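One-letter residues, chain by chain:
There are 4 protein chains.
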Amino acid sequence: MAGNTFGKLFKVTSFGESHGEAVGCVIDGCPAGMALSESDIQAELDKRKPSEGIASTKRTELDKAKILSGVFEGKTTGAPIAIIVQNEDSRPKDYGSIAKLFRPGHADYTYFKKYGLRDYRGGGRSSGRETIARVAAGAIAKKILAQKGITISGFVSEIGGIEAKNFSEKDVAKVYENQFRVPDKEASKKIEDAVKKSIIAKDSLGGIIEIRASGVPAGLGEPVFEKLDAQIAGALMGIGAVKGVEIGAGFGCAKSTGSKNNDPIRIVKGEVSFMSNNAGGILGGVSSGQEIIVRAAVKPTSSIAQKQKTISENMVNADIEVIGRHDVCIAPRVLPVAECMVAIVLVNALLENLGSKISESK
Amino acid sequence: MAGNTFGKLFKVTSFGESHGEAVGCVIDGCPAGMALSESDIQAELDKRKPSEGIASTKRTELDKAKILSGVFEGKTTGAPIAIIVQNEDSRPKDYGSIAKLFRPGHADYTYFKKYGLRDYRGGGRSSGRETIARVAAGAIAKKILAQKGITISGFVSEIGGIEAKNFSEKDVAKVYENQFRVPDKEASKKIEDAVKKSIIAKDSLGGIIEIRASGVPAGLGEPVFEKLDAQIAGALMGIGAVKGVEIGAGFGCAKSTGSKNNDPIRIVKGEVSFMSNNAGGILGGVSSGQEIIVRAAVKPTSSIAQKQKTISENMVNADIEVIGRHDVCIAPRVLPVAECMVAIVLVNALLENLGSKISESK
Amino acid sequence: MAGNTFGKLFKVTSFGESHGEAVGCVIDGCPAGMALSESDIQAELDKRKPSEGIASTKRTELDKAKILSGVFEGKTTGAPIAIIVQNEDSRPKDYGSIAKLFRPGHADYTYFKKYGLRDYRGGGRSSGRETIARVAAGAIAKKILAQKGITISGFVSEIGGIEAKNFSEKDVAKVYENQFRVPDKEASKKIEDAVKKSIIAKDSLGGIIEIRASGVPAGLGEPVFEKLDAQIAGALMGIGAVKGVEIGAGFGCAKSTGSKNNDPIRIVKGEVSFMSNNAGGILGGVSSGQEIIVRAAVKPTSSIAQKQKTISENMVNADIEVIGRHDVCIAPRVLPVAECMVAIVLVNALLENLGSKISESK
Amino acid sequence: MAGNTFGKLFKVTSFGESHGEAVGCVIDGCPAGMALSESDIQAELDKRKPSEGIASTKRTELDKAKILSGVFEGKTTGAPIAIIVQNEDSRPKDYGSIAKLFRPGHADYTYFKKYGLRDYRGGGRSSGRETIARVAAGAIAKKILAQKGITISGFVSEIGGIEAKNFSEKDVAKVYENQFRVPDKEASKKIEDAVKKSIIAKDSLGGIIEIRASGVPAGLGEPVFEKLDAQIAGALMGIGAVKGVEIGAGFGCAKSTGSKNNDPIRIVKGEVSFMSNNAGGILGGVSSGQEIIVRAAVKPTSSIAQKQKTISENMVNADIEVIGRHDVCIAPRVLPVAECMVAIVLVNALLENLGSKISESK
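Protein chains in written order, with the working numbering: chain A, 1 to 362; chain B, 1 to 362; chain C, 1 to 362; chain D, 1 to 362.
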């Protein structure tokens, strides 16, 4: 059981099903005295909305965040911050017809085996709506990080095998203006074609996202089991549809050599400077001061309108067509969630590191 | 701080530096009444020893495990099991000459920034010797799993870009007889050549390992943040030198489609049967009863005898040659550690799942 | 930070301030498949309402519990259960006049020092309304325990130095019918007189509560740091106004001898039977199968209308009269909260104990 | 299971049985850069040795602490500190004759029910020797606190109903010179007589200890479930033989009134000053800057040479005489353990509080 709380010091507890009353979270451990309003949360939540393009579900999601506690006179008080988002547009009938069938690629079968019953309405707890909690909490985490000069950015680097190759930091900065969150315009066009084809084929596409954290001071992360990259890997793999995570050179380093993969160190203008960043900003599980770079593989959307083979709750073979409003590729919507998970990990690492030296643990 | 304890119910606390008095661990939460002896631990520890081939360090490591507590009359008592391995062959002089230089690719710089000082003897806490604790604990975890019909196996699937392609389950079963832990003989020969060249070039090689868990019942793993794959990803990324983790089809699924990537379900001879295993045995963070399949990317050994650019503790540019006994590719030695981490995650998942249904939480 | 989550496997996260939008909790780890409705929660919440007698605040508290998640078709699903109670009758003006003064005996000063600011509206987070979360969660815990044959009861054993002496188990069973939750009618009358005098004197009274858990199987509780009595002591001392906790003979055993205090054991009609219960049902931190008996000392209500010496936020001496709706003795309202905390501890102990023996950790 | 790790940021993991190979602990989360040697640990360990008087066991316990890890060149490195104490003087035969009988007042029966087997050698894990781990860890905690100006002291305030009444702070400072750890000489003499009588009667005595922490800054402790007093209560109740814990006025406040029990606040010479300390230095679960005062009730030693009624493992009635080397009153030996547990709680609170305000969580 359990599993719905994340973080040791900046603790996020998530709740809510896709077609229940509401989804939300409780954030415990937010430092007191920080300005915080619902619009801070909303700005981040809006990033996980379906974009206006062709890639996304047509479901109208307002997702208005309401802060129930922990903020007084515009500032955090140190008390837990409860945030709630009502489920407004829930059409249970969409799902009713396949209520007793296990959708391939979904948690339907495994939840049923684990709990002996399941909430079949849109996946219930395993729905992507659960990520609202992560994003709401991540909005607060990002605000804390911003005060320490740390910024998180991200983009979709690949959809359907089409990679973003030519883009600048500027393109990354405004990536949410692109319907696929892809910073490379040319790639984006190709992806649009691929998505169109996929829609016609009643199929779906996978993708890869990349998250970067800049301004992270050296020294964050705990050695051994709670390495910063271990925490990030766990945080990202815990997002639905993510099937792989890599840091820096990642799987590429398996084909590299030590002389190429090691990042040489120099003093440049009085500052420590790494001459490459294959490590992705983390050495021995502790941040090096370089940019942290992480990528995650997102599987093709499991819900497809094609006929698929499955079984029913009473263990009988059946066919299923998962009709409804589903994104062809979920990577663009996983992106803000992944950014927020990285932010939550970093806030925890920041707080835990405060007592790393005897001279500083006043 | 902290970070040296892993697991919620089967808790492993690791301690010890490469050139300190001893390394070891305390396992808290092992169910009572299981037969356990030092030879159980030793058998697993012996797997992480350098193999007899060319790939490994020449350091003679006896690594004799001693159980200090938690076992009485040959059985676990429910009390914490402390295991200790003395550090016998520690030659501090090997490292003394580079004591004030940060070795590229190592935790030297980041630990120094985090703690304000560091144990420069062979990496101290960040040394691979720390994994003795994981393997000792994993030996117990594997024994618990065996009683539930769960077995963990693993192999090195790639070194220096050379992949193991042709091999059977039998080859996997006896993979520890191969110096590279590679189940494909032909690939192994090519790897031997690559390793020889790498030694001459004073360089090192990366690799990929694969871990499989068979017999895992459906229902293990907690949804949302503590998904089984999230826990495994964190556990593997927390091993030194691992830079990427993927489950099932992993990064490959980014280029796939829903119709190919979803694993169809059928009833075959009265049993639930998946017609493929792109999910790697985990759906929605919960085990499906299929084989769990995980891969991890291992970076090339950071310690190379080539001249590399670095800086010293007093922030001055310097060159460094990391001379000593270092494996050309660390993947074969990461393998048993990774197996053990997966075993520890599964034992925790087993124990936590005991109370998932009201009817069973007696 | 943190501190608002309780329990390892049955995890309760509490949120909300007395004069904020709402108070509530998220319960993570409730086993799936248990019937649960809002009326189950409400029945327990009603016990913490002010009674109709003279002892309590006149504030009209409706405190209607709403379940937001985790229950589907009348049963728990294994997903986190979020429960919310809107704050309806909040009159901030009552408190406004003393907003900048630290009320003696309250958390005002210490919160201000800890957080650098504070929510002065009725104590904010430190208000007794926070206990709504505990009681809502405890209602679920009690229901789980009931299915295992475990019942929790409690009563007020002393107010203003007047002890309940003559009472039966029946009196305890219907103690919530008494305005002071005192099972001894004669004592209750004396207490009523004492309370009347205290009201006239603009003063308040302390008390003692006793909680009993019956039907607890032997074997619950973890040795060493997580002894069952250690967990209960922490749980009760964490309730506002509680200043002492004792188990079984408690402080009385300090004046006893081993020959009197040890509980002899006999086989009676084939069953293990203790001939006394000075241990309070717990030996070595583990339940013995006897009734668990705990008492907690509740300090006199800190809010009194008498003039008291204090200081203001800007560190100037001042007088304060805490006018408002305050219970003369808070013990009767602490009672249901304490029962619920014991219930939550026991559910956690039950779940954690499922894996204590290898034969049972299937 | 589990239960052998204490603390969130300064984590202590304890292991070892009374007649096993060794007892010890691993401390994870000690800030780096603090001078630490085995003599620091030894000084504290020596306090828990039997005193030279009549009150204690005659068992010769050398209890030499050895640091295995986490200290390099005389300073803590941030790595886990493993400390081990070999069990030298273990005479298993003392216990063999009663191996299958459950000693009344001990954990024998409850461990047997919990685990299905038990280590009958001197209580095994439930032996007082387990507290070596707590004291070793507490020695480090005390050293950290000392650097922040916080000191912990303690004394035995009552044995066999005889209270220490007349004593000064000086007497408390040198209380370990007294065989009963009682600061009042006259009371000590009376206690000596009572102890002599108890020895003759083959009986034992209970007692009360008091712990004080001075120099604790305001603001430590987390509200709600992790109140500073809740943590202390759990920490002390988790020591074997402790059956009650109270803070400040404790159970006495049940008979008091708000006007007497509230501690008035004044500005005295520019400093915040409380005019009494019924709160025991903690308000709303957070330290107020006043001295923290806690008391714990210690039950009479359960091991007595008198004939007692019990049963055997095969559920047959029997008589038992627990012959061996047992303290008449265990309070003097619980004292240093309790001091150390309070120290460990305070170090955790200090570390956790570092991030309470946004301005300080750099």
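Any given hint might turn out to be false.
Straight-line Cα separation of at most 20 Å, DMTMM-like style, residue types lysine to aspartate or glutamate; simulated pairs [as the list claims (entries may be wrong)]:
hint : chain 1 : residue 1 : chain 2 : residue 2
1    : A       : Lys-260   : B       : Glu-88
2    : B       : Lys-357   : A       : Glu-313
3    : C       : Lys-357   : D       : Glu-313
4    : A       : Lys-269   : B       : Asp-319
5    : C       : Lys-255   : D       : Glu-271
6    : A       : Lys-255   : B       : Glu-88
7    : D       : Lys-357   : C       : Glu-313
8    : C       : Lys-64    : A       : Glu-313
9    : A       : Lys-357   : B       : Glu-88
10   : C       : Lys-309   : D       : Asp-193
11   : D       : Lys-66    : B       : Glu-163
12   : A       : Lys-66    : C       : Glu-313
13   : B       : Lys-100   : A       : Glu-271
14   : A       : Lys-190   : A       : Glu-313
15   : C       : Lys-100   : C       : Glu-321
16   : C       : Lys-255   : D       : Glu-192
17   : A       : Lys-309   : B       : Glu-271
18   : A       : Lys-64    : C       : Glu-163
19   : A       : Lys-255   : B       : Glu-21
20   : C       : Lys-255   : D       : Glu-313
21   : A       : Lys-260   : B       : Glu-186
22   : B       : Lys-357   : C       : Glu-73
23   : D       : Lys-260   : C       : Glu-313
24   : D       : Lys-64    : B       : Glu-21
25   : D       : Lys-309   : C       : Glu-271
26   : B       : Lys-260   : A       : Asp-319
27   : C       : Lys-75    : A       : Glu-313
28   : C       : Lys-260   : D       : Glu-271
If you want the ones that stay clear, here's a sample from chain C, every Cβ over 10 Å from chain B, calculated [as the list claims (entries may be wrong)]:
hint : residue
29   : Gly-33
30   : Glu-38
31   : Pro-50
32   : Thr-76
33   : Gly-116
34   : Gln-147
35   : Lys-174
36   : Glu-192
37   : Ile-199
38   : Pro-223
39   : Gln-306
40   : Gly-324
If you are wondering where the hints come from, they were derived from the structure by calculation, not from laboratory data.
Predicted model only: the values in this text are computed from it and were never measured.
Backbone N, C-alpha and C define an ideal beta-carbon position, used for all residues, glycine too.
Going down the list of hints, with the structure as the test:
no.: 1; hint: A:Lys-260 x B:Glu-88; in the structure: violated (34 Å)
no.: 2; hint: B:Lys-357 x A:Glu-313; in the structure: holds (17 Å)
no.: 3; hint: C:Lys-357 x D:Glu-313; in the structure: holds (17 Å)
no.: 4; hint: A:Lys-269 x B:Asp-319; in the structure: holds (18 Å)
no.: 5; hint: C:Lys-255 x D:Glu-271; in the structure: violated (41 Å)
no.: 6; hint: A:Lys-255 x B:Glu-88; in the structure: violated (34 Å)
no.: 7; hint: D:Lys-357 x C:Glu-313; in the structure: holds (17 Å)
no.: 8; hint: C:Lys-64 x A:Glu-313; in the structure: violated (36 Å)
no.: 9; hint: A:Lys-357 x B:Glu-88; in the structure: violated (30 Å)
no.: 10; hint: C:Lys-309 x D:Asp-193; in the structure: violated (47 Å)
no.: 11; hint: D:Lys-66 x B:Glu-163; in the structure: violated (48 Å)
no.: 12; hint: A:Lys-66 x C:Glu-313; in the structure: violated (30 Å)
no.: 13; hint: B:Lys-100 x A:Glu-271; in the structure: holds (18 Å)
no.: 14; hint: A:Lys-190 x A:Glu-313; in the structure: violated (41 Å)
no.: 15; hint: C:Lys-100 x C:Glu-321; in the structure: holds (13 Å)
no.: 16; hint: C:Lys-255 x D:Glu-192; in the structure: holds (15 Å)
no.: 17; hint: A:Lys-309 x B:Glu-271; in the structure: holds (15 Å)
no.: 18; hint: A:Lys-64 x C:Glu-163; in the structure: violated (53 Å)
no.: 19; hint: A:Lys-255 x B:Glu-21; in the structure: violated (36 Å)
no.: 20; hint: C:Lys-255 x D:Glu-313; in the structure: violated (31 Å)
no.: 21; hint: A:Lys-260 x B:Glu-186; in the structure: violated (27 Å)
no.: 22; hint: B:Lys-357 x C:Glu-73; in the structure: holds (16 Å)
no.: 23; hint: D:Lys-260 x C:Glu-313; in the structure: violated (23 Å)
no.: 24; hint: D:Lys-64 x B:Glu-21; in the structure: holds (16 Å)
no.: 25; hint: D:Lys-309 x C:Glu-271; in the structure: holds (15 Å)
no.: 26; hint: B:Lys-260 x A:Asp-319; in the structure: holds (16 Å)
no.: 27; hint: C:Lys-75 x A:Glu-313; in the structure: holds (18 Å)
no.: 28; hint: C:Lys-260 x D:Glu-271; in the structure: violated (50 Å)
no.: 29; hint: Gly-33; in the structure: violated (5 Å)
no.: 30; hint: Glu-38; in the structure: holds (19 Å)
no.: 31; hint: Pro-50; in the structure: holds (34 Å)
no.: 32; hint: Thr-76; in the structure: violated (7 Å)
no.: 33; hint: Gly-116; in the structure: holds (24 Å)
no.: 34; hint: Gln-147; in the structure: violated (6 Å)
no.: 35; hint: Lys-174; in the structure: holds (29 Å)
no.: 36; hint: Glu-192; in the structure: holds (43 Å)
no.: 37; hint: Ile-199; in the structure: holds (46 Å)
no.: 38; hint: Pro-223; in the structure: violated (7 Å)
no.: 39; hint: Gln-306; in the structure: holds (47 Å)
no.: 40; hint: Gly-324; in the structure: holds (41 Å)
Hints 1, 5, 6, 8, 9, 10, 11, 12, 14, 18, 19, 20, 21, 23, 28, 29, 32, 34 and 38, counting from the list given before, are not met by this structure.
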